[in-house]
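One-letter residues, chain by chain:
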Amino acid sequence: MKQNILLQLHPMTKFFFTLFIFAVVLISPGYIFSFAIFPILILIAMLAGVAKEFLNIVIKALVTVLIFIFIMQMFFYPGENVLWEWGIFEIKQEGIKYGLLLTSRILAIGSAFILFFRMTEVRDFVKSLEDIGLPPMGAYVVLSTLQIIPEMRRQANTIMEAQKTRGVETEGSIFVRAKAFIPTLTPLILSSIAGTEERAITLESRAFSAPVKKTSLHQLSKSNMDRALPIVFALVVIGLIVWRFFL
Amino acid sequence: MTAMIDLKNVSYRYPVSDDSVLKNISFSIEKGKFTAIIGNNGSGKTTLCNTIRGFVPHFYKGELDGEVIIDQTKITDYQLGQLGEKVGYVFQNPFIQVSGVKDNVFEEVAYGLENLGIPVEEIKVRVEEVLKLVKIEYLRDKNPFELSGGQRQRVALASIIVMDPEILVIDEPTSQLDPIGTQQIFEIIRLMKERGKTIVLVEHKMDLIAEYADDLLVMHKGELVMQGPVREVFADPEFEKYQIQYPHVTEIALQLQQSGIPLTFLPIRDEELADALNRTEVAAHD
Amino acid sequence: MTELHLTNVSFSYPDGTKALENLTLSVTSGERVAIVGQNGAGKTTAVKLMNGLLKPTEGSVLVGDWDTKNHTTAQVSRKVGYVFQNPDDQIFHNDVESEVRFGPKNMGFEPERVNELTDWAMKLCGISEFAEENPYNLPYSVRKFVTIASVLAMDSDIIILDEPTAGQDKIGLQVLGNLLQVLEEKQKSVITITHDMEFVTDYFTRIIVMANRQLVADDNAQKVFYNTEVLEKSMLKPPAVAQMAKLLDFSPGILSKQQLIEAILAQHSL
Chain F
1 MKQNILLQLH
11 PMTKFFFTLF
21 IFAVVLISPG
31 YIFSFAIFPI
41 LILIAMLAGV
51 AKEFLNIVIK
61 ALVTVLIFIF
71 IMQMFFYPGE
81 NVLWEWGIFE
91 IKQEGIKYGL
101 LLTSRILAIG
111 SAFILFFRMT
121 EVRDFVKSLE
131 DIGLPPMGAY
141 VVLSTLQIIP
151 EMRRQANTIM
161 EAQKTRGVET
171 EGSIFVRAKA
181 FIPTLTPLIL
191 SSIAGTEERA
201 ITLESRAFSA
211 PVKKTSLHQL
221 SKSNMDRALP
231 IVFALVVIGL
241 IVWRFFL
Chain R
1001 MTAMIDLKNV
1011 SYRYPVSDDS
1021 VLKNISFSIE
1031 KGKFTAIIGN
1041 NGSGKTTLCN
1051 TIRGFVPHFY
1061 KGELDGEVII
1071 DQTKITDYQL
1081 GQLGEKVGYV
1091 FQNPFIQVSG
1101 VKDNVFEEVA
1111 YGLENLGIPV
1121 EEIKVRVEEV
1131 LKLVKIEYLR
1141 DKNPFELSGG
1151 QRQRVALASI
1161 IVMDPEILVI
1171 DEPTSQLDPI
1181 GTQQIFEIIR
1191 LMKERGKTIV
1201 LVEHKMDLIA
1211 EYADDLLVMH
1221 KGELVMQGPV
1231 REVFADPEFE
1241 KYQIQYPHVT
1251 EIALQLQQSG
1261 IPLTFLPIRD
1271 EELADALNRT
1281 EVAAHD
Chain E
2001 MTELHLTNVS
2011 FSYPDGTKAL
2021 ENLTLSVTSG
2031 ERVAIVGQNG
2041 AGKTTAVKLM
2051 NGLLKPTEGS
2061 VLVGDWDTKN
2071 HTTAQVSRKV
2081 GYVFQNPDDQ
2091 IFHNDVESEV
2101 RFGPKNMGFE
2111 PERVNELTDW
2121 AMKLCGISEF
2131 AEENPYNLPY
2141 SVRKFVTIAS
2151 VLAMDSDIII
2161 LDEPTAGQDK
2171 IGLQVLGNLL
2181 QVLEEKQKSV
2191 ITITHDMEFV
2201 TDYFTRIIVM
2211 ANRQLVADDN
2221 AQKVFYNTEV
2231 LEKSMLKPPA
2241 VAQMAKLLDF
2251 SPGILSKQQL
2261 IEAILAQHSL
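Protein chains in written order, with the working numbering: chain F, 1 to 247; chain R, 1001 to 1286; chain E, 2001 to 2270.
It cannot be assumed that every hint is accurate.
Pairs of lysine-lysine residues, derived as BS3-like cross-links and limited to a Cα-Cα distance of at most 30 angstroms, are as follows [stated by the list, open to error]:
hint	chain 1	residue 1	chain 2	residue 2
1	E	K2237	R	K1132
2	E	K2237	E	K2018
3	E	K2123	R	K1241
4	R	K1142	E	K2105
5	R	K1023	E	K2170
6	F	K213	R	K1132
7	R	K1221	E	K2170
8	E	K2079	F	K179
9	F	K127	R	K1124
10	F	K214	R	K1061
11	R	K1135	E	K2123
12	F	K179	E	K2257
13	R	K1142	F	K52
14	R	K1193	E	K2170
15	R	K1241	E	K2018
16	F	K214	R	K1086
17	R	K1193	R	K1124
18	F	K214	R	K1124
19	F	K214	R	K1132
20	E	K2055	R	K1132
21	E	K2237	R	K1135
22	E	K2170	E	K2186
23	R	K1142	R	K1132
24	R	K1135	F	K222
25	F	K213	R	K1074
It is worth saying that the hints were derived from the structure and are not from the lab.
Turn these sequences into a full structure, and let the hints guide you.
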């Protein structure tokens, strides 16, 4: 996976790209331009070899939200040019226009962030934040939260097993499974609370608060591309601002 | 001889409790000694370990009286972080003893060294060495969360000894391990002793304590009731009243004594029984 | 009373990892069996097959006249109780008594019987004084007894204990010993996984030795602990008494402290 040039970019470069899209979308007028961003993002995802996961998440996470927002705007955005009417519901031209603008921006920005997280491992991103001054505690919180979710899932499975052995039916209809799920919550929460104290001791035992500068096995390197791209992004944004507001 | 760990009249009470878990405890452990803390569950062994490591009172609040001196410096004068370098602590529950931010065992073991700011090249060398020592090289790419209890126990020990602390406090490191694995852990502890480390161990397996440890501290209901060289403590008739396991051979020897068989001394290791029965000639041709 | 039969049982995980190969064994009612072997030998897999948590990929597991393949674990748990290795994986109530009461209550027993079983199990495990406590405030060794009590209270005919002696002191070992005695009187079968060879020789006559996911021996303690081939194959260390007897040149077969003392006394009186 690491062979890909796009994936190999420094996390900050990818992050700057995401911010770049964000800025471009907000500066540029109209929805056509913003909608045009999306195919570009798909193209980048394809080049990076993550198109399938990318589209999958976009569809799951964004599409319903976008449709909902569009419909809301279509009906309730104030305007004069009514195109269609049924009872209190009126579709206005301004609504459609604003709806398209809003959804085009959300689509572009949202999918740019999704693409970022598809192309960047969180631990790399956190590491790059640490390199520019995120305190170790902050980094720890982010990384441990990431680990905790699969760990909690494992734990939930074990507790389910324990309950099966105590006669709780966990196989069968949704109702049966839902009923079995509730008793797993208490021990899950309890053991994670009991665990935090010991976790803190574990960290202390590993010299977490040692008064020295930490080192890291995990190193990120910057290529020429990583140095050049942010400048390009900045120039384009400045250009756009000048074009938009001063010409 | 310099005292590495020195406790003077130490008492400790947990925040909301009325009763002290440690009552007026005084002892001193010389540099390079291997001391085992024994006693039945609930006698205060783990709290004593927490005190030596400085988690009492730095981490667990509550009332601590008396003085805890680690390597000539009062524990209250250390910052919590400084003690990490000096005292390595492997605690009881192996299931919780993972950093939670590392994807594989190699990085997990390296974590403490990263925190200590050791250069990366040196970290790699030291982790390699410890993985080999603790016999977990085959686990290096595994996720720490997916290990069995016994494997986690080894990883926890490796993660601490890689930091090369002067003092090792180890609380029941073999509870999840089979007999061979247990023996291996004791061999590692012996090796640490040979490297000059001061070792404090909590364990229930008396046969191994008799074989490896120098001194014993016997805890009973929060009090330090006996202390001294292993052999002397087991031989002391007072030991029996605390209802703590003897080494198996000692238990047998005591029963033989009661049945009127004379013993030249009280054996604490299996191979000493023949000697004690004055039957060296029998054992010799084995 | 329920018998347990495993016939040519193998188990592989979905990813193809083999965890158990061709295990055949039977446990009759009221029998007490110890399963020993190195970490990773397949012991836990074997017992998880016995209570239906895992279903065999080959062969069959019969609990009484039930094939575990045709029943859910919840159903099998009426006949086979299983105490997990790690108590924290098992406890899911805020106080000890509710934890113990859960099993029998969930089985739909009469309220009176639920009360009786709960009290009996807590007393047998020496945890009555902790009835109101939150299990998570108790030490590991006591939590283990909470899990044992909560399984005993279900009154199943077969009881599986995974590493009951881990972290136990002398008093804990005595509680366990007494508990095994009581269960035997009630004609219950007990299958125990353990690393503690002294515990094995003190309380178990039949021993199942596992190594490399296979059964290596299923025999009485004397034969197992004096069989060099089995010991080597399974990397087991014989109990201390056997080692002492060997050092003293006694003939094979001595396992318990009492036997060794008698042998020494007999020699001495010559």
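Hints and how they fare:
1. E:K2237 - R:K1132: Roughly 23 angstroms between the alpha carbons, so the hint for K2237 (chain E) and K1132 (chain R) holds.
2. E:K2237 - E:K2018: holds (26 angstroms)
3. E:K2123 - R:K1241: holds (25 angstroms)
4. R:K1142 - E:K2105: Between K1142 (chain R) and K2105 (chain E) the Cα gap is close to 41 angstroms, so the pair fails against 30 angstroms, i.e. violated.
5. R:K1023 - E:K2170: holds (23 angstroms)
6. F:K213 - R:K1132: holds (28 angstroms)
7. R:K1221 - E:K2170: Holds, because 15 angstroms separates the two Cα atoms, which is no more than 30 angstroms.
8. E:K2079 - F:K179: Satisfied, since the Cα-Cα distance of roughly 23 angstroms is no more than 30 angstroms.
9. F:K127 - R:K1124: Answer holds: K127 (chain F) to K1124 (chain R) is near 19 angstroms, not above 30 angstroms.
10. F:K214 - R:K1061: This hinted pair holds, its Cα atoms lying about 28 angstroms apart.
11. R:K1135 - E:K2123: violated (42 angstroms)
12. F:K179 - E:K2257: violated (52 angstroms)
13. R:K1142 - F:K52: holds (28 angstroms)
14. R:K1193 - E:K2170: holds (28 angstroms)
15. R:K1241 - E:K2018: Status violated; Cα separation ~49 angstroms.
16. F:K214 - R:K1086: Holds. K214 (chain F) to K1086 (chain R) sits at ~17 angstroms (cutoff 30 angstroms).
17. R:K1193 - R:K1124: holds (24 angstroms)
18. F:K214 - R:K1124: holds (15 angstroms)
19. F:K214 - R:K1132: holds (25 angstroms)
20. E:K2055 - R:K1132: Measuring from Cα to Cα gives roughly 37 angstroms; hence the hint is violated.
21. E:K2237 - R:K1135: holds (19 angstroms)
22. E:K2170 - E:K2186: holds (25 angstroms)
23. R:K1142 - R:K1132: holds (15 angstroms)
24. R:K1135 - F:K222: violated (37 angstroms)
25. F:K213 - R:K1074: holds (25 angstroms)
Hint compliance for this structure: hints 4, 11, 12, 15, 20, 24 are broken, all remaining hints hold.
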